[in-house]
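Below, each chain spelled out in residue letters.
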Amino acid sequence: MNAIRIENLSKSFGWLKSRRVQAVKNLSLEVKTGQVYGLLGRNGAGKTTTIRMILDLVRPDEGHVHIFGKHVHRDHAILQRVGAQVEGANFYNFLSGRRNLKVLALVGNIETPEPRIDELLELVGMTERSRRRVKGYSTGMKQRLGLAAALLNDPDVVILDEPTNGLDPQGIQEIRFFIRELADKHGKTVLLSSHMLGEVEQICDRVAIINRGVLIREGDVRELLSDQTKLQIEAEPLEAAVQVLSPHWACRQNTRSLTVDANRDDAPHVVAKLVEHQIRIFEVTRQRQTLEDFFLSVTGEEENEDVS
Amino acid sequence: MKTFPKLMKAEAIKILGNYGPTAFLVGIFPVMAAAFIGFWMLFVLLSADARQTMVEEPVQWTDVMVGMWNIPNNIFGRAFLLAFVALQFGGEYQWNTWKNLVPRSERVPLILAKFLVVGIIIVVAFILTSIITGVGMGLVSAISHAPYGPELSGDVLSEFAEDYLLQAATAFVGTVIGSGYAMIAAMLTRSILGSLITSYVIATAEGLSVLAFLLVAFFLKNVEILRLYRYTPTYNLFNAVEWINSNAPTTLRDWDDNIVASDSLTFSLIVLFVWVFALISLTAIAFQRQDITN
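Line order of the protein sequences matches chains A and B. Counted the way numbering that gives the first Met the number 0 counts, the first sequence spans residues 0 to 307. Counted the way numbering that gives the first Met the number 0 counts, the second sequence spans residues 0 to 293.
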């Protein structure tokens, strides 16, 4: 079942037609229940605008957002099943962390919120500081409070926009583990936007890469990366090896080796070609591409297509 | 609508929790009243002339208590109260906190709760101000051995209650109209200062619009244009206050000092409620359609 379904979403900003900026264009994607889904993109790619449209903060020019099959704008109450932290954690600085959560609980119509607030403050490690005013909180403390706020209504869908910004390494590790647990132990669906590609690779099941408001790749993290392995080959003579392989696979010559864009299944054929041409092979290793490499290559392709 | 009391409670926590600005902009009225009474007591204790003046020109508790409700509609009161409502409406934009609230609740109830709680807090502040002044002036009169009438009777109480409620309602309506200006300004400027300046400019321009109506009517020699001023909040707030205080209408005169308008209390109350309804509806519709982007 889909927790979130986005259909042909488009949004542009600006009053003057000549100065309008297309933030999101014909974006469609589906997030299945229980998944941790990553939304990747450079600054200004349209991630936050997409999240704001999911939360009915911004009205799309075209397209629709459905959560558990219900239209978020026409059936706003469905957002009671969603918890979110959008673009940094902002609170009333003059109230304590606990008071801020109380205000949000009242607005969210949560019955007897105090036990839940205590539980969440404990969970995010903010119990001791919860009675202090938010004004004195560090960015990391606000992020933790933001996470508590997002979980206040025990939501089925959790949307987190850059959740580890401002956290120290230990905090980042805790939040990563925590997000994974939300899906694995509690069956929640998590939509996550992040610049930290290593983080997304570690915790997301599926990702969408957005560039200038357009979806350019979408799929399971493992599937996306499994096709994207490279072979690192130490061979002699290198120039001859490149000549032999380059008609079939993309090759790059390094100082003492060459890198071939080929997956695991291609490896025997690569080796056979080299042997056939009497090239001596010393070592063949498979290099798994990281999500960061993949992201840079697909966003780079887009940029190149635009230039050409 | 069963969630509405919770929205109001949340709003009250926010406003009262921001106690520095709230105390300065709204709490100042009862505090100033208490300070004024303290000063006046000291004065009559120390000065025989002051006591004599109190005896010769005694004040009436009904006038004192009802009179306090003129403050929200004068320049001093309006400046503080517009700053207060601008803080409440502009603050949500400036602090980037709408994004936390809007997914949790329908937008229109959020705005209505804000209007209502802001209005209630101001009304409570002025009830306190009028009680402090009413009781305080009683003590001043007692110290001066001056009468402090009128004596309590059924007629006095019912007349007082009617005047008091009407004056309070007029002040409440004036505050809600000011809140409407502040909310529109907040939506346009998305900041506290922008909201304050813009709403003050709108309120002042609306108050001074009589001059514009007068000039245009004079140059076009068309008195009907001047009569349009009858539909502004300022004219009707003045007219309502005049009816309550003097039991007579305010008069709108042309350049030859001819009376061009003189309206009943009912007319003014209807016009004011139309303004309240229109401003709340306009802000609710505009907020419903607004993109929360910061």
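For the record, the hints were derived by calculation from the structure and aren't laboratory data. In this text, a Cβ means the ideal position worked out from N, Cα and C, and glycines have one as well. Worth double-checking, as some hints may not be accurate.
Said to hold, decoys possible - Distance windows between CB atoms, simulated:
| # | chain 1 | residue 1 | chain 2 | residue 2 | range |
| --- | --- | --- | --- | --- | --- |
| 1 | A | 16 | B | 214 | 36 to 42 Å |
| 2 | A | 168 | B | 292 | 30 to 36 Å |
| 3 | A | 16 | B | 253 | 29 to 35 Å |
| 4 | B | 253 | A | 11 | 47 to 53 Å |
| 5 | A | 134 | B | 123 | 44 to 50 Å |
| 6 | B | 186 | A | 172 | 37 to 43 Å |
| 7 | A | 16 | B | 15 | 42 to 48 Å |
| 8 | B | 214 | A | 11 | 40 to 46 Å |
| 9 | B | 186 | A | 217 | 32 to 38 Å |
| 10 | B | 287 | A | 168 | 53 to 59 Å |
Unchecked claim - These stretches of chain A come out as covered by chain B in the derived footprint (C-beta under 8 Å, 3 or more residues):
| # | segment |
| --- | --- |
| 11 | 113–119 |
| 12 | 277–291 |
Said to hold, decoys possible - From the derived model, a few chain B residues whose C-beta atoms are all more than 12 Å from chain A:
| # | residue |
| --- | --- |
| 13 | 4 |
| 14 | 13 |
| 15 | 79 |
| 16 | 165 |
| 17 | 219 |
Evaluated hints:
no., hint, in the structure
1, 16(A) x 214(B): 36 to 42 Å, "holds (38 Å)"
2, 168(A) x 292(B): 30 to 36 Å, "holds (32 Å)"
3, 16(A) x 253(B): 29 to 35 Å, "violated (47 Å)"
4, 253(B) x 11(A): 47 to 53 Å, "holds (52 Å)"
5, 134(A) x 123(B): 44 to 50 Å, "violated (27 Å)"
6, 186(B) x 172(A): 37 to 43 Å, "holds (42 Å)"
7, 16(A) x 15(B): 42 to 48 Å, "holds (46 Å)"
8, 214(B) x 11(A): 40 to 46 Å, "holds (43 Å)"
9, 186(B) x 217(A): 32 to 38 Å, "holds (36 Å)"
10, 287(B) x 168(A): 53 to 59 Å, "violated (43 Å)"
11, 113–119, "violated (count 0)"
12, 277–291, "violated (count 0)"
13, 4, "violated (9 Å)"
14, 13, "violated (6 Å)"
15, 79, "holds (19 Å)"
16, 165, "holds (34 Å)"
17, 219, "holds (35 Å)"
When each numbered hint is compared with the structure, violations occur for hints 3, 5, 10, 11, 12, 13, 14.
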